[in-house]
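2 protein chains.
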Amino acid sequence: MAVYKSDQQDILFNLNDVLNISQHEQYGFDATSVKEIIIECDKFVENEVFPTRQKSDEFGVELTDSGVKVSPNLHKLNKAFYEMGWYALGMPENIDGSPAPEGLVAACRSLATGANVAWSMYPGLTKGAMNVMHLVGDDYIKNTYVPKIMSGTWGGTMCLTEAGAGSDVGNLKATAAPIEGKEGWYKIKGTKIFISSGDNDLYENNIHLVLARTPEGEAGTRGISLFVVPKLRVNEDGTCGVTNDVNCTQVEHKMGIHASATCVLNFGDANECEGYLIGKEFEGMQNMFIMMNEARLDCGMQGESQANLAYELTKQYVQERVQFNTEIVNHADVKKNLLKMRAMTRGLRSIILYTADLFDQAHKDEKYNDYIGILTPICKSFASEQGFNVAVEAVQAHGGYGYCSEYGVEQFVRDIKIATIYEGTNGIQAIDFVMRKILKDQGAVFQQISKEILTTMTRLTDDFSIERETLQKALGTAQSAMEFIATHAKSKKMGIVLQSCKDFLDLSAHIVVSWRLMESALVAKEKMTSANDEEKVYLETKLVDFKIYTTQHLAHSVACARAITSLTEDVSSYTL
Amino acid sequence: MAVYKSDQQDILFNLNDVLNISQHEQYGFDATSVKEIIIECDKFVENEVFPTRQKSDEFGVELTDSGVKVSPNLHKLNKAFYEMGWYALGMPENIDGSPAPEGLVAACRSLATGANVAWSMYPGLTKGAMNVMHLVGDDYIKNTYVPKIMSGTWGGTMCLTEAGAGSDVGNLKATAAPIEGKEGWYKIKGTKIFISSGDNDLYENNIHLVLARTPEGEAGTRGISLFVVPKLRVNEDGTCGVTNDVNCTQVEHKMGIHASATCVLNFGDANECEGYLIGKEFEGMQNMFIMMNEARLDCGMQGESQANLAYELTKQYVQERVQFNTEIVNHADVKKNLLKMRAMTRGLRSIILYTADLFDQAHKDEKYNDYIGILTPICKSFASEQGFNVAVEAVQAHGGYGYCSEYGVEQFVRDIKIATIYEGTNGIQAIDFVMRKILKDQGAVFQQISKEILTTMTRLTDDFSIERETLQKALGTAQSAMEFIATHAKSKKMGIVLQSCKDFLDLSAHIVVSWRLMESALVAKEKMTSANDEEKVYLETKLVDFKIYTTQHLAHSVACARAITSLTEDVSSYTL
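Sequences listed follow chains A and B, in order. The letter at position 371 of the first sequence is residue 372 when you use the working numbering, and the numbering goes up by one with no holes. The letter at position 103 of the second sequence is residue 104 when you use the working numbering, and the numbering goes up by one with no holes.
In isolation and in its complexed conformation, chain A is listed as follows (with noise of 0.2 Å):
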């Protein structure tokens, strides 16, 4: 059976070589301090999360009387997550956080969420919601729940989804009215669904993140606020009091992420759930989303962190097993899909651990902003999607034992599946994409990464002309992709640039992938010069990365162009 595995040779690359991390002084890491972490964050996944990871699929959770209990093994694990500080890496200092650059977080949070995701959710989730109450909350919530949170104590949620409004949260029917004589309070009524953490015995008390109408809210999305809602009334004293009338009365039995509670939860059935107004009225959409904007790069970390430990394992069992007299790595298929998986894998964590960095980029030029405005749906979706195929594969490589869960990779399969529907399904990244981050600028912010591409190119010398082939062919098709869209949407032909948006991302994500995999090359091209032999083992690897990646998965950005621009009528005009 394959064991743990990280390539952490890579992650260093990524975060010193590329992204020289270091560069951003405030935080006072130089790259050995950037190695040591991820050494050390690499030995707690290893000996602490991944062992549980089968385990806690296996359990799922259990919906008891007292509330849902999660697998045992998720316990031991939580605790030494938060003990040995890994929640409170990259937080702020005034919040008893280990302020460090974001790339960093990045790298450390993509290592524990490959290894079991379903558990990674509860901090995650917890994590996301504290930020909301840390960056809008009043002294109140900063004081009373923050710091609980931030010490394992308390977890957090976001409750948006229910039945009647998935996608279309502005459709929601929780109210939320005025308590009299406690300002700042509400009678919150309504029920959730799906939601994530919803209730669980990790914590003390779950803290969630509520959105709901009240009295004078219009319809749709701008009458919606936040609320602040404990699972447990909070004593003046800050200690956990009676219970706030908030009931998991159903968890959903899924194809994957067996070990996270999706719970149904009732709020205010007895009339005596209250909830406090976090942020403004009527801005509640707006605040949700920046726990939101998270939680969608979250989701393309959880396709790209599963789909490297999957590669890891793959790459393991195809050197083990043997058939046909050799170890099944030597056949040239196998062999091709690996080195596929691979290209595919490292393509995602570069653009991962590129759009965590321009974080701390933005903080020197805001430009740096919109540049992750245009990577955050391709983030989610892209490397959700990605990330799943790459677990198909896995288990294919596997054969039949891939398909028994003994080996714990057709896990990966059903885990990563959720990621391209949460946090707004790829379909609506796709819109997002197109519609608010290309088209309302007249696609500006995309232009412009467009030339930082093409600068990169010119720095490509004549041993990459097969991949500067094949990157300028994509570049060309996205252009006349982008133009057809510009022009539909311009004559106002909606139908026409919905249809589109989905390939559109994906020959844009297929591009921004090759960008960042030719520069990792280039830089391996000219580190090699002075490297030792070990080191250039590695460093060749980043050429085969970017010359395998152009020529067998850039190569289908072509195909997404051509269907679009080859689709000329509204598809609403067909029959289904």
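Calculated directly from the structure, the hints in this document are not laboratory data. One or more of the hints may lead you astray.
Claimed, not checked - Chain B regions said to be covered by chain A (calculated; three or more residues, Cβ under 8 Å):
id, stretch
1, 26-37
2, 327-338
To be verified - Residues from chain A that keep clear of chain B, each with C-beta distances beyond 12 Å, as calculated:
id, residue
3, 70
4, 263
5, 327
6, 361
Positions of the beta carbon are idealized from the N, C-alpha and C atoms, including for glycine.
Given the structure of chain A, go ahead and fit chain B onto it with the hints provided.
Quick look at chain B alone, frame taken from chain A:
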């Protein structure tokens, strides 16, 4: 919740209008009787098969001291399947079967398979084993086993795989030693793994076809013989006797097909297992291939049939689910995905039924046996893989609900995945396709099919110009890819040939599917002149299927070709 529904109109259009299966006059079926049988079969599937699907998945199988127990609801279903004559459909008259056109038989099996694939494997493998007995068995086999199997009293399996011999069957360790004084009988010893239906209580006795090596059998596949090994010994009067020392020691926990027992079978632990040689000694592999070829087409059908049902359920869902004040089918992105799913599922149906019909055509013209040779790996690999992709899209269209087990959609993803692995992984299919079906005759049969495609294309009128252009481009790139492969084969660069096989199979499959959908579109267009309004609505969808397939799916074949020709180095030169 969506209800069972099949695309009856499209099935009948394929059988009666495109393939005109009543031309096979020996069966005495006209278009009306074809329709009657499809309607009857569909009723059976709706009332008896589909209701067992989710429950049997939840139950899984249970390994007890007395053997494997399957889900209780399968007993009634299996009994009805035999009693109502569905098992006998398509079997020869001399063994009490009901001969019918192969296309019709395939269409009926597809309906049943799609609605509960895990169950379908019990009678499916039984049929495969029985066909071998019927075709190469001697009178003892034919008289003793075949009637019991036809009546549904006994079931059958195929036992190839061992722990160290998966794809590499020739490496197997199972042995067969002649029993003195008992002509034809051998002591069987060995352990087989991944045996589908390996043990179960659906049948009174399980008859295993086991590959094993006799004392004189040389190493590799050429030293292997095939044996009939019943679970219970068979008395002279044909009743079941004592145990034959065949024991199921383990059932696998798998990603999907939970209701299908995947067994580890120990033969002869107590040296009391007796098997009867079937066919000649050392001809085990070629006799097993009778069953294997059938099983490969079944795999394709598993992908095709489940994808078709997944599409039908999804079509209902998107027409009912309201988000943003309208049924989600009215969102361009959702609609386009549904159209892509339909084009693919109907495309897969068209190649599955076309290939089935070739078995009848081959009685009139032998060349169609070569077509079957080419189409078998295509059906197996492409239909299982694309069927899987359609199932993934079905989950996606269902959003969060698709990820929950309750809706039964994620089960398609889990259930289809195995079809890309067993009966020869898709990678192995691709090697068979290129090495044995294309390069062996210098692409003669492949060129013949290409010529047929070109002939069909001449019938395209100018309203199909986009489709024609896309198809022409695909054929052109296929030609270059084939030349690239042939050139490297000639210069013995087999690594490059082998690393190109899968992409070449995929692009060929895209072209073949486009061809069948083109034929359908042309037939539909012709029929339209005399069709009533209701019929026209359906016929119109056939034109759309062709357009969507070529612009959205076939477009990717160019990328496959490019992936082949742009990787000019042998991947074995790269370090993993």
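Okay, the hints, checked on the actual structure:
no., hint, verdict
1, 26-37, "violated (count 0)"
2, 327-338, "holds (count 9)"
3, 70, "20 Å, holds"
4, 263, "8 Å, violated"
5, 327, "10 Å, violated"
6, 361, "33 Å, holds"
Consistency note: the structure conflicts with the earlier hints numbered 1, 4, 5.
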